[in-house]
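Numbering (the working numbering) for the sequence shown: 140 to 590.
Careful: at least some of the hints might be erroneous.
Once the Cα atoms are required to be at most 27 angstroms apart in a straight line, the calculated BS3-like pairs of lysine-lysine come out as [to be verified]: (1) K204 <-> K244; (2) K391 <-> K296; (3) K355 <-> K369; (4) K151 <-> K261; (5) K267 <-> K324; (6) K219 <-> K240; (7) K296 <-> K261; (8) K204 <-> K398; (9) K264 <-> K219; (10) K355 <-> K391; (11) K296 <-> K337; (12) K222 <-> K261; (13) K219 <-> K151; (14) K355 <-> K337; (15) K264 <-> K204; (16) K337 <-> K324; (17) K369 <-> K391; (18) K363 <-> K296; (19) K222 <-> K324; (20) K240 <-> K267; (21) K219 <-> K171; (22) K380 <-> K391; (23) K264 <-> K171; (24) K267 <-> K337; (25) K204 <-> K171.
Derived from the structure by calculation, the hints contain no laboratory data. As the structure is a prediction and not an experimental result, all values here were calculated from the model.
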Amino acid sequence: MWVESITLSNIKCFREEKIFFTRNSTTSKNVKPCSWITLLGENGVGKSTLLQALALLLAGPEAAKELLPRPTGWVSDSSKPGKLSAVLHQDEVDAGTFGKKQITKIFSYSYFVTGETPTTIKVGKDNKETYTEPALIEENSRFLSWLRTNAFASNTKGWFAVGYGAFRRLNRINQSTLPSLDSPKRSNNFRTQFDEDKPINSFEQWMVHLEFRIAKGDNEAIKKRDIGVKVIESLLPGDAKIAEVTTDGQIKFLVNGCKVPTIGLSDGYRSVIALAGDLIWRLMQAFPDLEDPTQASGVVLIDELDIHLHPYWQRQIAGWLQNIFPNLQFVIATHSPLIAAGGGEDALTLRLELVDGEVEVRQVENISAYDADYILRSPAFGLESTHSPATQNKIKRFYELDRNRYNLAEENQQEYDELRKFMQTAQPIGGPPEPGSLEARTKAFLEENLP
């Protein structure tokens with residue numbers, strides 16, 4: 140499964156916005172998906188709302204109502220309903236065949252969203268209902284009826300989708316008893332997007348559970364454990380790896396030569412382990428017959444992927460995820476230019492902007508070849524400068540004085556001399572080169588050979 144487009148109408152700051160996740164904006168049977176979509180924009184412009192809207196549509200009607208039983212504040216003009224719509228494509232591994240000819244692979248469907256004002260909605264061919272409070276209502280559709288049974292059922296095969304909120308963390312307590320695994324309830328795939336206090340427990344649960352099954356002679360459990368461990372270790376920096384699962388249920392990692400329990404790891408490690416551990420386990424559940432679940436297709440939503448990650452990790456994480464899961468479609472939000480560039484040449488980068496109180500979504504040119512400083516000052520982020528405000532003011536003042544350097548008043552001459560010294564010493568435009576670097580050697584050559 141993959142998403143071709145989503146439309147938000149009268150939803151929060153989205154008046155009417157249709158967003159395509161494809162190589163072009165033309166709907167056709169031959170359209171190709173973008174596998175990595177990066178959402179950029181300032182705080183409060185609707186990135187999380189867009190990801191939540193995708194989650195509600197991908198979860199299906201029943202799970203959506205569990206995730207958001209009362210969508211208070213979702214409708215911007217409560218005198219009329221809001222609307223969420225999606226176009227999905229079915230993959231070969233996704234269960235079910237639609238229609239007599241069994242050739243339909245593209246499905247469009249919608250939900251209405253009501254606000255506090257009584258609103259009448261057509262829910263059937265000749266049937267209208269009035270809603271007096273916030274609610275999610277599915278639009279009558281033969282596609283949606285079929286999807287409910289074949290795609291959105293908790294025990295279906297394929298039709299994979301999962302979403303992660305900004306606060307991805309493991310439990311803060313050790314497993315003291317053999318845990319029970321969560322039932323494959325579809326709403327659980329998106330829970331952290333709507334409940335920021337919900338920890339992601341599945342990694343610790345399945346690791347301890349599989350170790351127990353292995354001790355009982357379960358060879359299938361060995362296979363699952365090895366797949367899960369390989370995925371997690373592939374997303375950790377350096378030579379960090381899973382060291383052991385102790386008899387009392389502690390999972391220990393080998394980091395910088397020391398064994399550290401998960402509860403003692405840094406937030407960056409815990410965030411990535413929680414994400415990777417949950418994702419691979421849910422893939423194994425959705426594709427039980429697939430020899431290698433990392434090759435499965437589906438949709439993954441991640442809000443603020445950069446949280447807790449060192450710049451080195453931010454620079455690598457997008458490429459790592461795409462290499463490990465080559466057939467998944469990732470839709471991620473970030474404030475990091477390193478992650479934005481890390482999506483690669485084929486990534487679709489979208490910037491959300493507020494214009495006169497309404498969200499506009501604009502495609503950003505390929506930024507994968509640029510450095511972080513340029514990306515921050517490009518239309519992708521739109522910063523005037525990457526300097527601190529104090530340094531920026533000094534640079535601005537220097538150029539103001541420099542334009543009149545031969546006619547400065549005495550009181551301005553001293554200020555100009557100090558700023559000139561600052562510019563020569565600090566070299567704030569680009570900063571001084573690192574000793575021995577290519578930039579340093581080039582600078583030395585130019586100083587030596589040019590007058």
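Violated constraints from the hint list, given by number and in increasing order = Hints 2, 5, 6, 7, 8, 14, 20, 21, 23, 24, 25 are the ones this structure does not satisfy, whereas the remaining hints hold.
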